[in-house]
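Residue numbers (this note's numbering), protein chains in the order written: chain H, 31 to 486; chain B, 17 to 221.
Source of the hints: derived by calculation from the structure; they are not laboratory data.
Nothing here was measured: the structure is a model prediction, and the numbers come from that model.
A few of these clues could be false.
[Claimed, not checked] Covered by chain B, per the in silico footprint, the following chain H stretches (three or more residues, Cβ under 8 Å):
hint : stretch
1    : 121-133
2    : 267-281
3    : 417-423
[Claimed, not checked] Chain B is nowhere near these chain H residues, computed Cβ spacing over 12 Å in every case:
hint : residue
4    : 160
5    : 287
6    : 375
Beta carbons: idealized from backbone N, C-alpha and C, even for Gly.
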Amino acid sequence: MGQVTQSLMPPVTWGGMGNPAGRPERVGNIALLDPDPILNAPRFSMAGTGVPWSPDDSGITSFSLLDPACADADFLDGVVSGIYTEIENFLSNNAVAIGGGLAGAIAAGAGPGIATLAPWLLALLAILALSLNWLRNQGGTMGQALNNLRDDLLGSNDPMQRAAGILVWRAIAAEAFKSQQSPHDYNAISYAIMDGHNYDDISCTVNVRSVEVFFDAADPNLIAFVDRLLQFESDQEFQSGKSVVGYVSLRFCQPSQALIAPEAFPRTVAVECSGLADEAGSTEFVDFAVALAQDPNIKGVLHWGQQNDSTQRQIEFRFGDTPTSPVGALHDWRAVLSRLTDNGRLDGFSSDFTRRAGLEVVQPLIGEFGVTSPPLGGNPDCTLAWDCRNNPTGTVASLEIVSPSVSIVSVPALPSQGTHIFAANQLGTWIALLRLSLDANGETRHASQALQIAGV
Amino acid sequence: MPTTFYGKWSLQVIGNVGEFAQRVRIQGSLNADGNLNAALGAQIAEIDGAAWIVRLERSGDGGATWQENLVQRIPTVTPQNGLTFTLYGDDSVVPAQDSDVTVQFVYLDQQINPHPSPPGFGFTLPPSSFRPPRPILLCECCCRAPCICPPRTLKGRRRVCCSSLMAPVAAHAQLTAVAVAPVPPLRASSFAGIATGGGPVRRVN
């Protein structure tokens, strides 16, 4: 805490350890001493009420690249202006500035390359000029501005004009995101850094689609996954004029001790694929990332808390505990869940998601099963009793009574607790088999227990 | 070591430099189980199945017995085929490119790997055409760059603010410059009939 920059605002009246930057700005003093009925705690004057904390007037307050989508589009003026000038310069001297947006969208190589696009680039200058005019006179958000630009640049059916538009679009995207990722070294109390939400903003909601896919860093599928995603994006730009406004990022993680954490490897890479959902092409991009990750040949692991429509079968393929091989991390996790929930009888942890993904108890267990009244003397009646209530809803019990002469009587669809009387009226050993069945997402698992009974 | 594939793939032997006879052994597929002589160019148009396995095997005794190769599986994405897996087989641990036998599998799933699309435009430029950035002149009308003011706005209206000002050079100007070979300029006048729509532009050369 001693290393944290001190706030310029007066310190709060609670807490200690100095006056770290971010505390008075993002929490403030206690506004209401009486506990808030919802929070059951005091309310603080600045908690959940203000704009993100920023150390200066840079305006950069968030690590999320998509947050600026709701920001004023003014900064795009500089980006588009820069690209405009770069194109002008390229058309006049056939050279591209190192480090500029155009340079970021092209590669050094032989052949005619982008020189053949010159006539179409010239035409696009007019479009960029109109766009700049719109930006300077109409305002709007970055998201709106980018959507308009994409329409203008990628909308042509002429393959050469579309290629030129894609070049300009990529150059603008590179510059726009680069401008949002400039090095920004500052410190403050942790929640002031991490909470970049603008609580005053009620007019703009960033509609984002996002998925995070985890791989072992040593898995060659990782590179193939990213390459195929990039190919998808290139294809949709050239074929349909769509484009994601978003990013693919790679984050390296240490292993987690949690049983079914996606960070299951000595070194895990999380590939985040995000885009502005209202931009034509972003949803398609993220959906493709999901489909590609779920493909068994790629076998990526989806983040539990982002877009994740995995099925039970897909989860078991990655974490184990299939019906034919009931072992692995998911098996251990389900065993813990079983202990916490009376083997699934209590469903407080269940939701549509957990039921679909198979994060549930899937293995029924026989509770108590015994003979409460055996055949005796001249009375062949035998009473069986069982109590298997500690199982998930949907568990079905059945009995099979096997006589010494191996005739079988089946008694299906029994309740999870009950009794059954049958006549063990033949000398020899009778067998009573209690069977439990539980179907979850098309997978059926069984448990059974047999009793031997002497007939009379 | 067997390699498991899921779904529909094609197969082609694209390398065979081994001194031993080589074969591809497929098990568990719906339609292509068996052994394929791994002659260069040998192929199977479609192998399908929920989960099927491939072994690369060699024989040093004319096919009487077969031993399993060590296999490296390397996925790649190519413009021609999209997602492909290449199996490199050898009797010892060698770099993939030095393997005795190389078999390429192309994924035929239409959602994950649709038919190859025509290659996009190659956004390239000769290395000599990259140059250090230069200062940007500001518009004499609005003091911004680029100048998109209508011509009539510019006429007779010259602001002091930017007549001698230049926009600051971006930070990337610090990058090391590369040699710039003289390249004949592209002339906008050669693109007759294409209007820029804006006002006169000040070129920075």
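Going through the hints against the structure:
{"no.": "1", "hint": "121-133", "result": "holds (count 11)"}
{"no.": "2", "hint": "267-281", "result": "holds (count 3)"}
{"no.": "3", "hint": "417-423", "result": "violated (count 0)"}
{"no.": "4", "hint": "160", "result": "violated, 7 Å"}
{"no.": "5", "hint": "287", "result": "holds, 29 Å"}
{"no.": "6", "hint": "375", "result": "holds, 34 Å"}
Checked against the numbered hints above, the structure breaks hints 3, 4 and satisfies the rest.
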